[in-house]
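There are 2 protein chains.
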Amino acid sequence: MTNIRKRRLSVSEYVQGILEGNRMILSRAITLVESSRPQDRRLAEQVLEEIMPHTGGSLRIGITGVPGVGKSTFLESFGLYLTGLDKSIAVLTIDPTSQKTRGSILGDKTRMEELSNDPRAYIRPSPSGKSLGGVHEKTRESMLLCEAAGFDIILIETVGVGQSEVAVEGMVDFFLLLMLAGAGDELQGIKRGIMEIADALVITKSDGDNVARSKIARRQYQNALHLFPPNKTEWYPKVLTCSSVESRGMKEIWTLIKRFEEHMKERDFFHQRRAEQNLRWLEESINCYLLEQFYQDPNIQYLYGDLKKSVSKGKLPVSAAVRKLSEAFLNR
Amino acid sequence: MTNIRKRRLSVSEYVQGILEGNRMILSRAITLVESSRPQDRRLAEQVLEEIMPHTGGSLRIGITGVPGVGKSTFLESFGLYLTGLDKSIAVLTIDPTSQKTRGSILGDKTRMEELSNDPRAYIRPSPSGKSLGGVHEKTRESMLLCEAAGFDIILIETVGVGQSEVAVEGMVDFFLLLMLAGAGDELQGIKRGIMEIADALVITKSDGDNVARSKIARRQYQNALHLFPPNKTEWYPKVLTCSSVESRGMKEIWTLIKRFEEHMKERDFFHQRRAEQNLRWLEESINCYLLEQFYQDPNIQYLYGDLKKSVSKGKLPVSAAVRKLSEAFLNR
Chain A
6 MTNIRKRRLS VSEYVQGILE GNRMILSRAI TLVESSRPQD RRLAEQVLEE
56 IMPHTGGSLR IGITGVPGVG KSTFLESFGL YLTGLDKSIA VLTIDPTSQK
106 TRGSILGDKT RMEELSNDPR AYIRPSPSGK SLGGVHEKTR ESMLLCEAAG
156 FDIILIETVG VGQSEVAVEG MVDFFLLLML AGAGDELQGI KRGIMEIADA
206 LVITKSDGDN VARSKIARRQ YQNALHLFPP NKTEWYPKVL TCSSVESRGM
256 KEIWTLIKRF EEHMKERDFF HQRRAEQNLR WLEESINCYL LEQFYQDPNI
306 QYLYGDLKKS VSKGKLPVSA AVRKLSEAFL NR
Chain B
6 MTNIRKRRLS VSEYVQGILE GNRMILSRAI TLVESSRPQD RRLAEQVLEE
56 IMPHTGGSLR IGITGVPGVG KSTFLESFGL YLTGLDKSIA VLTIDPTSQK
106 TRGSILGDKT RMEELSNDPR AYIRPSPSGK SLGGVHEKTR ESMLLCEAAG
156 FDIILIETVG VGQSEVAVEG MVDFFLLLML AGAGDELQGI KRGIMEIADA
206 LVITKSDGDN VARSKIARRQ YQNALHLFPP NKTEWYPKVL TCSSVESRGM
256 KEIWTLIKRF EEHMKERDFF HQRRAEQNLR WLEESINCYL LEQFYQDPNI
306 QYLYGDLKKS VSKGKLPVSA AVRKLSEAFL NR
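Protein chains in written order, with the working numbering: chain A, 6 to 337; chain B, 6 to 337.
For reference, chain A alone in the conformation it holds in the complex (with noise of 0.2 Å):
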């Protein structure tokens, strides 16, 4: 083990080092299947495989929310008070500002400097990525990581804006959406469909002068939730304040995660949402696999680029160019 921090590692070290809970290891092999290196996939997979029994120990709970709402504040402290707790926690957050990895991990520590040097904490900044299936499929895996290494609870932040909430929707048993209460502007750009996803909305900066104005919204946005209609987990979205810098709120929403697990786990919805989001996981990631073979052949690019220019002209029926894609991809 001497030469580990250079080396390549063999599968079964990647395995042992995770289970043993050795975050150089754990980091590693994160990094691992964030690779898009055709030896480090294949290496990616059987490390997977071989720690899938040792998965689903850990509550995953989903957090988001605009930029700017506060989201690092309130990891920091909604974490300090889980260590608190005694809990350990992996929180992986994106870095909405890096495409690499390496330059965003010292940033991300700047963001959370208590929680990252508290040692049932570890933290673990992504970079946001671009391509479709790129960040929310490195997400999962890293999540699954994260549990064979035996966290109790893992935090996933998203960036707050388009789709990615939905991704992480799909990966988690609570999805908390954090809200300000704005001047007026009760909606703030948070997309409705997100709203409709949440198990709980929390509003934060409830502190100052700002805790009337955080009441008000509360109510506004519990009256607006009752517009839905309810899923069929019969869990009605509740609506929280906190306040980070202060750390206050956080017992309360602890709480209701507490409860929502607990009303889940009572009408065996807990594992059946689990089993669902691993079919819709499975159904995307084949998807989009598929389709990115077929874009990425570069004797299909070149078809594509020459029927595009008679298709986009009216000039040849859609029909005819994709059988000519098709066979060409096909019949290869």
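Hints listed in this document are in silico derivations from the structure and should not be mistaken for laboratory results. A couple of the hints might just be wrong.
Identical copies go unnamed one by one, so any copy, or any two together, can satisfy a pair.
[Unchecked claim] Calculated pairs, SDA-like style, for lysine to any residue (alpha carbon to alpha carbon, straight line, at most 20 Å):
#1 LYS256 - ASP123
#2 LYS320 - ARG285
#3 LYS263 - ASN27
#4 LYS313 - PHE274
#5 LYS329 - GLU297
#6 LYS320 - ARG47
#7 LYS329 - LEU296
#8 LYS329 - GLN298
#9 LYS329 - ARG253
#10 LYS314 - LEU284
With chain A's structure known, arrange chain B on it following the hints.
Same frame as chain A, now just chain B:
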């Protein structure tokens, strides 16, 4: 041509018949493109390829609205207004009650009795269909056949719920959303995304004691539309009112559509929008076709069913299942 009603037509018979505006042959050609039989598909493709140079000359108008908004009476009233201007029109409707073509024709002829007896109008109902890539693909190709047959205007109706609007918006020049002046409930379950893609809104049933209400609704919708950011075409959606039973408002709607056409042509957006629609259509079609080939492969179905069990239980990582499935499919 004696036995033409029964026997299989050749490509050139189809093409010649369509270009001559022979409605019996046009109807058969639409049935042909709607067919999923492989031998029909090939023939349909050849027919489409031949008629492509003769397409693109019609103004394409999409019309949608929730059930009960009065789409049929609007189509009848607006259609008669247009034929009164000596325009020839093709009306492609979707019959939500039928999954088969044959059963629905009588139903729709009854729905638009006066218009269906008008020699300048051609009404073609199609079953609403179920499959992805089903109804829209066929509607688009039916539209092209009608264009080759020389109609000035094509009206395309959609059922007004769910995904079909987005598909239709992707094939028309002008997209009209019909709305009711509701009793308090101004949004009536119309998805917000639909309002955002409409080029105009028309409040229907503005007659009798409903006139005042529809004027209020018109103002409310016009205000609501101002909240959406303008798109690159710089066209601001307008709101009008109409009464189909009293045939009022049709002239204003037609004037608006003509104004829109002029606006788009002056800025070169008219043909640009069509070119973009064609490319989007190509991409959706090829994606859909490739995934169909995958999911309909019997070996894949067997393997997928097997892998699903392990994946849903969290025993097999998705990446491993994806590799197995893609190897089985691409290395056939």
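Hints and how they fare:
1. For the identical chains of this complex, LYS256 and ASP123 are intra-copy neighbours only, at 19 Å inside a copy versus 72 Å across copies, given an alpha-carbon limit of 20 Å.
2. For the identical chains of this complex, LYS320 and ARG285 are inter-copy neighbours only, at 15 Å across copies versus 38 Å inside a copy, given an alpha-carbon limit of 20 Å.
3. Taking CA atoms no more than 20 Å apart as the test, LYS263 paired with ASN27 passes in neither setting, with 28 Å inside one copy and 70 Å between copies.
4. Only between protomers do LYS313 and PHE274 lie at most 20 Å apart by alpha-carbon distance; the minimum there is 19 Å, versus 47 Å within a single protomer.
5. In this assembly of identical chains, LYS329 and GLU297 lie within 20 Å of each other by CA distance both inside one copy and across copies; the values are 18 Å within and 16 Å between.
6. In the homo-oligomer, the alpha carbons of LYS320 and ARG47 lie at most 20 Å apart only across protomers (18 Å), although the nearest pairing inside one protomer, at 44 Å, exceeds that limit.
7. In the homo-oligomer, the alpha carbons of LYS329 and LEU296 lie at most 20 Å apart both inside one protomer (16 Å) and across protomers (16 Å), since each shortest distance falls under that limit.
8. Taking CA atoms no more than 20 Å apart as the test, LYS329 paired with GLN298 passes in both settings, with 16 Å inside one copy and 14 Å between copies.
9. Proximity of LYS329 and ARG253 under a CA criterion of 20 Å is satisfied in neither setting, with 62 Å inside one chain copy and 49 Å between copies.
10. In this assembly of identical chains, the alpha carbons of LYS314 and LEU284 lie at most 20 Å apart only when taken from different copies (9 Å versus 38 Å within one copy).
Comparing the model with each numbered hint stated earlier shows that hints 3, 9 do not hold.
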